[in-house]
Every structure is written in structure tokens, then in C-alpha cells.
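Protein chains: 2
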Amino acid sequence: MPWDTGDTMLNTHKPTGLRRLLFAVAMTIPLACFAQDDLVWNPLDADNAVYLELQEGTVVIQLNPVFAPKTVLHFKQLIADQFYMGTSFYRVIDGFVAQAGDGSDIDGSEAAAPLKAEFEIDWPLKPADEEKAKDWTPMSWTPVQSSDLFAAYTGFIDGFPAARDDDKAGKVWLTHCPGTVAMARNDDPDSGATDFYIVIGQAPRYLDRNLTVFGRVVWGMDVVQRIKRGPALKNGIIEADLERTWIKQVRLASALDQAQRLDIYVADTNSPGFLQMLKDRRERSQKFFHYRPPEVLDVCQVPVPARLEKSYLPR
Amino acid sequence: MPWDTGDTMLNTHKPTGLRRLLFAVAMTIPLACFAQDDLVWNPLDADNAVYLELQEGTVVIQLNPVFAPKTVLHFKQLIADQFYMGTSFYRVIDGFVAQAGDGSDIDGSEAAAPLKAEFEIDWPLKPADEEKAKDWTPMSWTPVQSSDLFAAYTGFIDGFPAARDDDKAGKVWLTHCPGTVAMARNDDPDSGATDFYIVIGQAPRYLDRNLTVFGRVVWGMDVVQRIKRGPALKNGIIEADLERTWIKQVRLASALDQAQRLDIYVADTNSPGFLQMLKDRRERSQKFFHYRPPEVLDVCQVPVPARLEKSYLPR
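Top to bottom, those sequences are chains D and F.
Positions in the first sequence are counted from 1; adding 62 to them yields the numbering used here.
Positions in the second sequence are counted from 1; adding 62 to them yields the numbering used here.
I should point out that these hints are in silico values taken from the structure, not numbers from a laboratory.
Check each hint, because a few of them may be wrong.
Which copy? The list can't say, so a pair holds if one copy fits it or any two copies do.
To be verified - Cross-link-like lysine-lysine pairs, in silico, BS3-like; alpha carbons within 30 Å at most: (1) Lys-341 with Lys-296; (2) Lys-349 with Lys-178; (3) Lys-310 with Lys-196; (4) Lys-349 with Lys-132; (5) Lys-178 with Lys-233; (6) Lys-233 with Lys-290; (7) Lys-296 with Lys-349; (8) Lys-290 with Lys-230; (9) Lys-233 with Lys-349; (10) Lys-310 with Lys-349; (11) Lys-341 with Lys-233; (12) Lys-290 with Lys-310; (13) Lys-296 with Lys-233; (14) Lys-310 with Lys-188; (15) Lys-196 with Lys-290.
None of the values given here were measured: they were computed from a predicted structure.
Okay, chain D solo, but in the shape it has when bound:
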């Protein structure tokens, strides 16, 4: 059976019909039931939304200035300096990370100045002092799992997967999940500079509290997954320039005209619809489940729904 033309391709086996599609949907393992109506959708803050443009398409990263204020400022400065334009993903290991932003030949420049680690923060407790308490805003926490394999507690903080070592105080940090964006570094915790990575595989949670997570991909993970891989047994390093995926541009949404932006909305992880989705995913009460799975949730396996209202950019 030939496989030459689009026309042949569409007719080799069998036609697409409505009946076929309906059957196919029935043959489908369940992803999630969630009451979409109860979801609150938040637009992205244009001052903390980054457009990473690759040959393969546009990736949108939401920055997190609460957990990594200095790193976010530094990253924005690098973007403003057009530092990443024309750099590449030079280390890409399938199932692990895609790493870009090599700054090795600009040591001495401001960009290469090492960054202080921002691995975790103290849970922000209400100050005892009444004056100070006035400026205090509580941190939101949508609990997902206690006694998670890697942490005492996991949950969401305004859309970001996170973990804690105490549910009242203690430390809190952003977790390494698929789509997590963090700064690479040397052995010195304070050695991050320009190299960053995106997690593209099963959550490497052992990196939590060891690297500065400063953002997450909210749109275009399919584009990220098309980044060219290096050889896993050679630490993912891609030596030949032509075999790498190159960065065309990195821009902050607020630096673009409204008409150039993607109109993306992300589900509010504090909203009733999201809480219901968590409950449904934990209970799995659909009759599909012949064996009822344990009532646990992996914080990295809970999708935070996102939607694109309008697209002005070509994808």
C-alpha cells in the first residue's frame, strides 16, 4: 500500500466519519472530569508572561516573582538585553530537561554575574506586630496531597505546583514538574547566571529545593516537546549547531502590542471548579474504574487547564 501523497494517505485505510469519531471517543481512557463552569479563568499578567519563540512555535512562560524575585528580575533584564536571541537548546535529554541560554563567553558582563539561590521561602506567617500585619497578605494554598513521596505536603499556590514541610509554617518551594522553568547552576548554589532549563519529562522532584524555579510553561508544551534531543548517554549535549533547536526571540508580553499577544487564560487553582476537579481526580468514582485507585494525587500529574481565546501570532 503506497504512502506517497496526502490523497493516498487519507484513503489507505478507511474514511473518517462521525460514527468513527464517536466510537473512538468511547474507546478513550478518562483524563479528568471537571465542572468547567465553576472554573475561574485568570488572564496572564503581561509583566510576568514571557514569549519564547522557537522555529517550532511559541511557548508562553509565566514567571513567579513571589518565589524567585531576584531571578525573575535578572531574567527580565536578560530578555530586555536580547541576550537569549540566537542562543540554543544545547543540552536536551528526553524525559528530563531541555537546557538553553549558555553564557560562557560573556563572563565578566553583568549578565554572567552569579545569582543568589532562591530555592525556597519561609511560609509567610501573619506578623504579631499589628502595624506590620496591615501590609501582610496571606499566601493561598490549595492542598493536593499529604505524605507525598518527596514532601510532607503538596499543593498549588496561584497556579504553581508547590510543596511544604509543614502545613502551618516552615518552608515552601515550587516543585519540579513537567513545564517547570528553573536556572541551571554549578556545584555552588549561588552560581546560576543565564542558563535555564525546562522540565520535559517525569517530574525530577529530587531537584526540588536545589535549584531556583522561577516559572512554568502555561502554553505551548507541545512546542517544547519538539525541541531536538541530544544523546542521553552523552548527558544530552548536542555538539553540532545544526542539530540544535535555536531561540529566535524571547520577549516579555508587556513589551508587545496588544495585537501581538496571545490571549491566554489559566484556571484559577483557588476556584471551586478546580477544587472539584481535584476531588474528582482523587476519588475516581466513574464506572470506568474497575479497580478503584488509591485516593492520592501526584501534584505534577494534575493539569492546570489553560485556554487560548484569541491568537494573533502564527503558531
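Position chain F against the provided structure of chain D, taking the given hints into account.
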């Protein structure tokens, strides 16, 4: 700065040099240290290796006839019948699964006959009867984690990630990890027929013991990750034929001439090198680790190394 030609691309920012590459490697978060020398490498059994050929490249799937004997036979028959040739990945959700093999318009044919579920097996205990004990071979078990979030025990069985509810007897099953290949079904546990899926994101372990896992991708996960996605909010269904990734061919390695095969070796998960790798990944004693992570392992986050000795097929 223009981004028009390959030549421009390579010169926009800075040249590639050895020094740059060395620095880049140093800036690198650690994947794994393993004593590659102590790894035993096994060739794939040609009777249980499947070549799934997509426009994007070749994917190699290792079948598991121990856990899913009937499903494997059925799948091989479908391959021999060229059933999958010219079918498509019609339901693809980034971070979840890529599903293909719709058989809705061939109901009544042998291929569409529903398959008995093969969700789990009894741990094979040595028979008390001496005669029967002669034919018995113990099952290998490389322990990874006890008190895993989703199961009492996780480990590897001859290269496949697996879980158990008892470390002496009980049930044992193959887990849903990135690269896991399983049969889709309806609500009826015995309704699988031709539709299969490949896990492409964070392990959906809640599907364990609910679907028949019958293989895993051992080569070409980067190709799988290039499969075109559908809209997550529409259950990943891709309605337009031209927006789907189509299957050119599916063939069993043993049906190919030696010269057409990929010479792939997979690390033996019973070998000393692999045990050492598990230990290293659990302990994380490198000085990179400022914060020492908990000594736990996610069975789906342990890569089983594979290597390609020779390639005769274009990739």
C-alpha cells in the same frame, strides 16, 4: 537581528567553541551517575520488538508477553494483518497520552473482537508440588521503592517498571510511566480491541490495574513526543485528518531482514550497574546537592538506558 538563513542563524550571537561547551556541561544539573561499565546490555527479542513508523521517525516498542500474553498475540496479529497501516493518532493530549488504532468501522471482524483484560498477574510462587516446581522459573524483581504513593512496592521486572501489593506474594502489574504502551477500552474491562495509547507525560498511575499494559517504548520517545496534539479541553480529539500524525507502518522486528533492523540494546535492570545507578540516584551524594533530597525513588523517573549500535533505517 535577522533570522532568515542558516548562515545568519549560526552567527547571530556567538561562535561555538570547545570552551563554551565545557562550561555548558559544568552548568548542568545532574541527571544520573552510573557505572556504565557494570551495566549489562541486552539485545531486544526480535519476536517482541515492534517498529512503529511515523512521518517523524521510527519508534521501537518492546512487547511484554509475560504480563499480557493474549494482548501481545492479538497485537501481533493486527500487525501481521497490516491493520494499523494508515490509521492515525486521533486523540493526543499533551502531558497525558497519544492514542491510535481506531477500529470502529471494522466491528464484526476478528480484530474488533473484544479482548479479555490483563491488568495484573499473581506473583508466581514456587509450586509446592515438586514435579510442577521443575518447570517453574522465578520472576526477577529489582526493588525501587516501598510505600510508593500509588503502591506498596515498586520495582523493575526485566526492564519494565512494575508495582506490587505484597513483597512476597500478591498481585503484580506493569505501571503507567512515560513510554508505557497499553490498550484503550470502554467502561467494560474486557472491551479493548484495537485502540492503543502511549503515555507521553507525567505518569498517570491511577490507570494502573485498570488497563492492559502490554509494552513500552525503548527507542524513539523523542519521535513520540513530536506526535501532533489535540485540544486538551476537547479531550484531545483531532477532528481534521490533516492535523493528525499518521502511522505509515507497524512491523515486528522478526519480520524484517537483519539489515533493516535497528541494533538496539537495553540495560539489564538486574545487572550490578543498574543496581548501582538506583543506589546513586537514591543517595544523591554529589556535592551539587546543597539540600539532600529524601532517599526515595519514583519508579517512573528512573531511566532504563538504551543505546543504538547500528542504524540501517533512516531516522
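Hints, verified against the model:
no.: 1; hint: Lys-341 with Lys-296; result: between (42 Å within a copy, 21 Å between copies)
no.: 2; hint: Lys-349 with Lys-178; result: between (51 Å within a copy, 18 Å between copies)
no.: 3; hint: Lys-310 with Lys-196; result: neither (45 Å within a copy, 65 Å between copies)
no.: 4; hint: Lys-349 with Lys-132; result: between (49 Å within a copy, 24 Å between copies)
no.: 5; hint: Lys-178 with Lys-233; result: within (18 Å within a copy, 49 Å between copies)
no.: 6; hint: Lys-233 with Lys-290; result: neither (36 Å within a copy, 40 Å between copies)
no.: 7; hint: Lys-296 with Lys-349; result: between (46 Å within a copy, 21 Å between copies)
no.: 8; hint: Lys-290 with Lys-230; result: neither (43 Å within a copy, 43 Å between copies)
no.: 9; hint: Lys-233 with Lys-349; result: between (40 Å within a copy, 22 Å between copies)
no.: 10; hint: Lys-310 with Lys-349; result: neither (48 Å within a copy, 35 Å between copies)
no.: 11; hint: Lys-341 with Lys-233; result: both (26 Å within a copy, 27 Å between copies)
no.: 12; hint: Lys-290 with Lys-310; result: both (15 Å within a copy, 22 Å between copies)
no.: 13; hint: Lys-296 with Lys-233; result: neither (35 Å within a copy, 38 Å between copies)
no.: 14; hint: Lys-310 with Lys-188; result: neither (45 Å within a copy, 61 Å between copies)
no.: 15; hint: Lys-196 with Lys-290; result: neither (50 Å within a copy, 50 Å between copies)
Taken one by one, the earlier hints fail for this structure at numbers 3, 6, 8, 10, 13, 14, 15, listed in ascending order.
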